[in-house]
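Protein chains in written order, with the numbering used here: chain A, 1 to 237; chain B, 1 to 314.
These aren't lab readings, by the way, just hints derived from the structure by calculation.
Since the structure is predicted, the reported quantities are computational estimates derived from the model, not experimental observations.
Some hints could be false.
What follows is a list of derived Cβ distance ranges for each label pair [stated by the list, open to error]:
hint : chain 1 : residue 1 : chain 2 : residue 2 : range
1    : A       : Asn79     : B       : Lys111    : 26 to 36 Å
2    : B       : Lys106    : A       : Asn79     : 23 to 33 Å
3    : B       : Asp54     : A       : Pro191    : 39 to 49 Å
4    : A       : Ile185    : B       : Gly37     : 49 to 59 Å
5    : B       : Tyr92     : A       : Asn79     : 20 to 30 Å
6    : B       : Arg108    : A       : Met39     : 53 to 63 Å
7    : A       : Asp91     : B       : Arg108    : 25 to 35 Å
8    : B       : Glu300    : A       : Ile160    : 37 to 47 Å
9    : A       : Arg50     : B       : Ser134    : 50 to 60 Å
10   : A       : Ser187    : B       : Arg74     : 57 to 67 Å
11   : A       : Trp58     : B       : Ser161    : 40 to 50 Å
12   : A       : Trp195    : B       : Ser161    : 51 to 61 Å
Calculated lysine-lysine pairs in the DSS-like style (CA-CA distance at most 25 Å, straight line) [unchecked claim]:
hint : chain 1 : residue 1 : chain 2 : residue 2
13   : B       : Lys135    : B       : Lys176
14   : B       : Lys253    : B       : Lys286
15   : A       : Lys234    : B       : Lys19
16   : B       : Lys221    : B       : Lys301
17   : B       : Lys253    : B       : Lys233
18   : B       : Lys57     : A       : Lys234
Facing chain B, according to a computed beta carbon distance under 10 Å, are these residues of chain A, among others [as the list claims (entries may be wrong)]:
hint : residue
19   : Asn2
20   : Pro4
21   : Cys7
22   : Arg10
23   : Lys11
24   : Gly18
25   : Glu74
26   : Ile81
27   : Val83
28   : Leu85
29   : Ser90
30   : Arg236
Just so it is clear, CB atoms sit at the ideal spot from N, CA and C, and this is done for glycine as well.
So the chains spell out like this:
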Amino acid sequence: MNNPVLCIFRKELRSYFGSPIAYIFITLFLVVTSYLFFMDYFLMEDANMRSYFSFLPWIFLLFVPAISMRLIAEERRLNTIEVILTLPVSDWQFVFGKYLSALAFLIISILLSFPIVIVLYYTGKPDIGPIIGGYTGTVFMGAAYLSIGMYISSITRNQIIAFIVTAILILFFLIIGLPMLLFSIPSWLVPLFRWMSFFDHFISVSRGVIDLRDILYYISVIFIFLILTYNSLKNRT
Amino acid sequence: MIEVENISKSYGNTLAVDKISFSVERGEVLGFLGPNGAGKTTVMKILTCFFPPDSGKASLFGHDIEEHPHEIKRLIGYLPENNPLYDDMGVYDYLNFIADIRGIDKSRKQKRIAEMVEICGLNKEIFKDIYELSKGNRQRVGLAQALMHSPDILLLDEPTSGLDPNQIVEIRNLIKEIGREKTVLLCTHILSEVEAACNRTIIINEGRVVAQGTPEEIAQKAMGNLVVYTTLKGDPGDISESLSGIKGVISVKHLRTRENDRHQFILSINRNEDICEEIFMLARDKGYVLSQLHTESSFEKAFSKLTRGGIRNE
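With the hints as extra help, turn the sequences into a complete structure.
Laid out in structure tokens, this is it:
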């Protein structure tokens, strides 16, 4: 198959795994999350992963921008965007290829946390439903983060700026749902803020409950930012 | 093959291309010449469908650039300015990627990549990463990219910039070779490159076409006359007089005297035919010993006159 989306996907994935930074990132991600999880797992005497999923939004706050920062900013910096977009590749194919490769990288990283599940089975009798639900929700949330990251990466040539701005934007979407903040705003704004925030949509996910509305929310976020990315590609010099 | 009609493009308040029109025939190697910042690269980017013009129309193979960019992209090969490459990729991986995205069939792909490596002289480099390559070899990788699908139209934006003289000659020969079968649009600010490789030239300045034709035609149009240098042995007064007698000679100037009574003259002539033959005959008849005789290419002078003085070919 010579589908351009697939070609770009393969090339990008290759370049992720071709650099040692990818392995360092994945290792760091797994070490930090496992450490945080097992710190109190053995005290709880309860074989579930709820606490694991509940801190992932905060870990992703740094992990996802690191994955997405180079996606398009690097193409702009090296000017390779001029090569690739004058090949028989449409803007949408370019956006999808890029996005799917980053998503694949993220999913691989998440799935590599499987030893935690094994430990759960070894030490107790976990309920597999919430675990699968939690993983699914995590993937959707990460995918939404990534779409934001790719958009930011498409409007700058500088990876560091892309990283920082993405992290700030994700942080914004997280904290507008924090109870602490919701107490201090006019009450008529509360439903809007809660609806907009990643946080609220993630609470049920971390319990392993997949609500169609949450999934729909994530999918809309992804589409909005993919469209924004597509539009920002119009800006060429 | 390529038809450009009145295209304009500006970046913010700067007008980069101002109503340019030209056409390129099949099998032509067209030199696209102009000082830096004249708008050459902008025209290239418009023709490769990287961005649309603000106004005007252009088509390649009859496909309009705004209506059928996908068809055009399939048919052209493009080497952008400064030859951007993915530094972290291997040379082979990159060529493989290009072959895939160009839709080259699996059964022919390896053969085609091998051919490109051969043509572009990348045999030693094929297993290296791109960031390890020298500038000349990067340029070869860029050319291999542009030629992978043997495009009918090749657009090259300053393909020899930053190369050493040997590499320039090699790349130029390669372009000439390609130009035998393909249509090439060669964008450059190096005059000798155009003289060496192109059938026809378009000079643009400040976003407008200021001249087109062969380098000689442009020179003659811009300068009005040609210049001949000759060195003869004999009496300078006599020689000067006889040279002035040749039809078409406007002025004769005694430039300098060299050792052994040899004198160099500079002649201004206003006709196209070969005046050198007549000078040779004259020298033979009068017994002047001829030791130098050549017409100067005033293309360089024409270029600077056209691109600095701002006279237009209208």
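Status of each hint after checking the structure:
1. A/Asn79 to B/Lys111: 26 to 36 Å: For B/Lys111 against A/Asn79, whose Cβ atoms are near 30 Å apart, the range 26 to 36 Å holds.
2. B/Lys106 to A/Asn79: 23 to 33 Å: 30 Å, holds
3. B/Asp54 to A/Pro191: 39 to 49 Å: 46 Å, holds
4. A/Ile185 to B/Gly37: 49 to 59 Å: With a Cβ separation near 53 Å, A/Ile185 and B/Gly37 satisfy 49 to 59 Å, so the hint holds.
5. B/Tyr92 to A/Asn79: 20 to 30 Å: 22 Å, holds
6. B/Arg108 to A/Met39: 53 to 63 Å: Since the Cβ atoms of B/Arg108 and A/Met39 sit about 57 Å apart, the hinted range of 53 to 63 Å holds.
7. A/Asp91 to B/Arg108: 25 to 35 Å: Because 28 Å falls inside the window, the suggested range holds.
8. B/Glu300 to A/Ile160: 37 to 47 Å: Hint holds: Cβ distance 46 Å, inside 37 to 47 Å.
9. A/Arg50 to B/Ser134: 50 to 60 Å: Taking Cβ atoms as reference, A/Arg50 and B/Ser134 lie about 57 Å apart, which means the hint holds.
10. A/Ser187 to B/Arg74: 57 to 67 Å: Once the Cβ atoms are compared, 59 Å apart, the range 57 to 67 Å for B/Arg74 and A/Ser187 holds.
11. A/Trp58 to B/Ser161: 40 to 50 Å: Once the Cβ atoms are compared, 49 Å apart, the range 40 to 50 Å for B/Ser161 and A/Trp58 holds.
12. A/Trp195 to B/Ser161: 51 to 61 Å: 55 Å, holds
13. B/Lys135 to B/Lys176: Between B/Lys135 and B/Lys176 the Cα gap is close to 21 Å, so the pair holds against 25 Å.
14. B/Lys253 to B/Lys286: With a Cα-Cα distance of about 19 Å, the restraint between B/Lys253 and B/Lys286 holds, given a limit of 25 Å.
15. A/Lys234 to B/Lys19: Holds, at roughly 22 Å.
16. B/Lys221 to B/Lys301: With Cα atoms ~12 Å apart, B/Lys221 and B/Lys301 stay inside 25 Å; holds.
17. B/Lys253 to B/Lys233: 15 Å, holds
18. B/Lys57 to A/Lys234: 19 Å, holds
19. Asn2: 5 Å, holds
20. Pro4: 6 Å, holds
21. Cys7: The hint holds - A/Cys7 has a Cβ within 10 Å of chain B, the shortest such distance being about 5 Å.
22. Arg10: It holds, given that the least Cβ distance between A/Arg10 and chain B is near 8 Å, below 10 Å.
23. Lys11: Constraint on A/Lys11 satisfied, holds at 5 Å.
24. Gly18: At 6 Å from the nearest chain B Cβ, A/Gly18 passes the 10 Å test, so the hint holds.
25. Glu74: 9 Å, holds
26. Ile81: Result: holds, 8 Å to nearest chain B Cβ.
27. Val83: 6 Å, holds
28. Leu85: It holds, given that the least Cβ distance between A/Leu85 and chain B is near 6 Å, below 10 Å.
29. Ser90: With Cβ-Cβ at 7 Å, under 10 Å, it holds.
30. Arg236: 5 Å, holds
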